[in-house]
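Add chain B to chain S, keeping to what the hints say.
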Amino acid sequence: QLQLQESGPGLVKPSQTLSLTCAVSGDSVSSDNVVWNWIRQSPSRGLEWLGRTYYRSNKWYSDYPLSVKSRITITGDTATNHFSLHLNSVTPEDTAVYYCSRGGPGTPVSLFEFWGQGILVTVSS
Amino acid sequence: EILLTQSPGTLSLSPGERATLSCRASESVSTFVAWYQQKPGQAPRLVIYDASRRAAGIPGRFSGFRSGTDFTLTISGLEPEDFAVYFCQYHGSVPPWTFGQGTKVEVK
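If you read the sequences in order, they're chains S and B.
In this text, residue positions in the first sequence follow this note's numbering: the first is 1, and each later residue adds one.
In this text, residue positions in the second sequence follow this note's numbering: the first is 126, and each later residue adds one.
Be aware that a few hints might be false.
Example chain S residues on the side facing chain B (calculated, C-beta under 7 Å, incomplete) [said to hold, decoys possible]:
1. 2
2. 46
3. 63
Here chain B is said to cover these stretches of chain S; the calculated rule only asks that three of the stretch's residues, wherever they fall, bring their Cβ under 8 Å from a Cβ of chain B [what the hints assert, rightly or not]:
4. 103 to 110
5. 115 to 123
Distance ranges between label pairs, derived from CB positions [stated by the list, open to error]:
6. S:117 / B:149: 25 to 33 Å
7. S:106 / B:184: 12 to 20 Å
8. S:125 / B:128: 32 to 40 Å
Derived by calculation from the structure, the hints in this document are not laboratory data.
We treat Cβ as the ideally placed atom computed from N, Cα and C, and that holds for glycine.
With the rest of the complex left out, here is chain B:
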């Protein structure tokens, strides 16, 4: 089973700032990492998949990057609606699929 470790636990930023979230996989997962955004009381929403592909309807300020087993989600210029919890997910072709523990992006 793939273990995903996210950092930091909480990111305190102001609107307009750049957010950089990290997710490290316990072993090679190729590009099979996705990112989800979750707001209080809502289900998660797919943001990025295959490490860097934006899901339908996701604005261009969201981008993903992979370097080996390290994955990064960047939000360039935080909008008020971007403050939320973000999870990474391993989504290789063979289950089980696993999630990181989440990074909360909060208003500073």
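Isolated chain S (complex conformation):
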């Protein structure tokens, strides 16, 4: 049974980098028929898809929306079976609950069928 667990600091200072990890159990991050996503939710911005990473033909790929593309990196690690989010130059606007999620394989990879429990990250000095 798939389980996703987010971890990382709950407080980040403005201008620093927010780094979170999603531990995956019950599947492999290198599966070739799924994608791994980060999504966040805040009262001011609602639900926001931050990007995805996926493994195909022995290579990692990633996609990001323009809104965060200049300051985000999402990576996968087959050795630890984790995937990670790094968001730099954070401001208080980045305060949100951050979720990791899997897309596929039974449904289109553009859906978020399985979610972690979420982790609240506050950006404040």
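Just chain B, lined up with the frame of chain S:
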């Protein structure tokens, strides 16, 4: 980027009543709209995808419909566990994927 506009913001209904939630896309998205249910303190749960396909484990009282760029989620006969916030999501093959702002279904 596809903009999704949900209405109403809040729906006040009694158990057993029918709930009708709307989501309008800013441009043609074919059938690529999904619906999620979210309860306080929980992650969203997939309810409907491809406009009208129920996700695994979702009861038959949930149904989805599409007319052009207008999408509807109907809950026919609200159960106590259905009171929650519902979000629509654009899930076309090419990202970015976007969400509506949500409709809260509350007990009247």
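We went through each hint and held it up to the structure:
| no. | hint | result |
| --- | --- | --- |
| 1 | 2 | violated (13 Å) |
| 2 | 46 | holds (5 Å) |
| 3 | 63 | holds (5 Å) |
| 4 | 103 to 110 | holds (count 4) |
| 5 | 115 to 123 | holds (count 4) |
| 6 | S:117 / B:149: 25 to 33 Å | holds (31 Å) |
| 7 | S:106 / B:184: 12 to 20 Å | holds (18 Å) |
| 8 | S:125 / B:128: 32 to 40 Å | holds (33 Å) |
The earlier numbered hint that this structure contradicts is number 1, and it is the only one.
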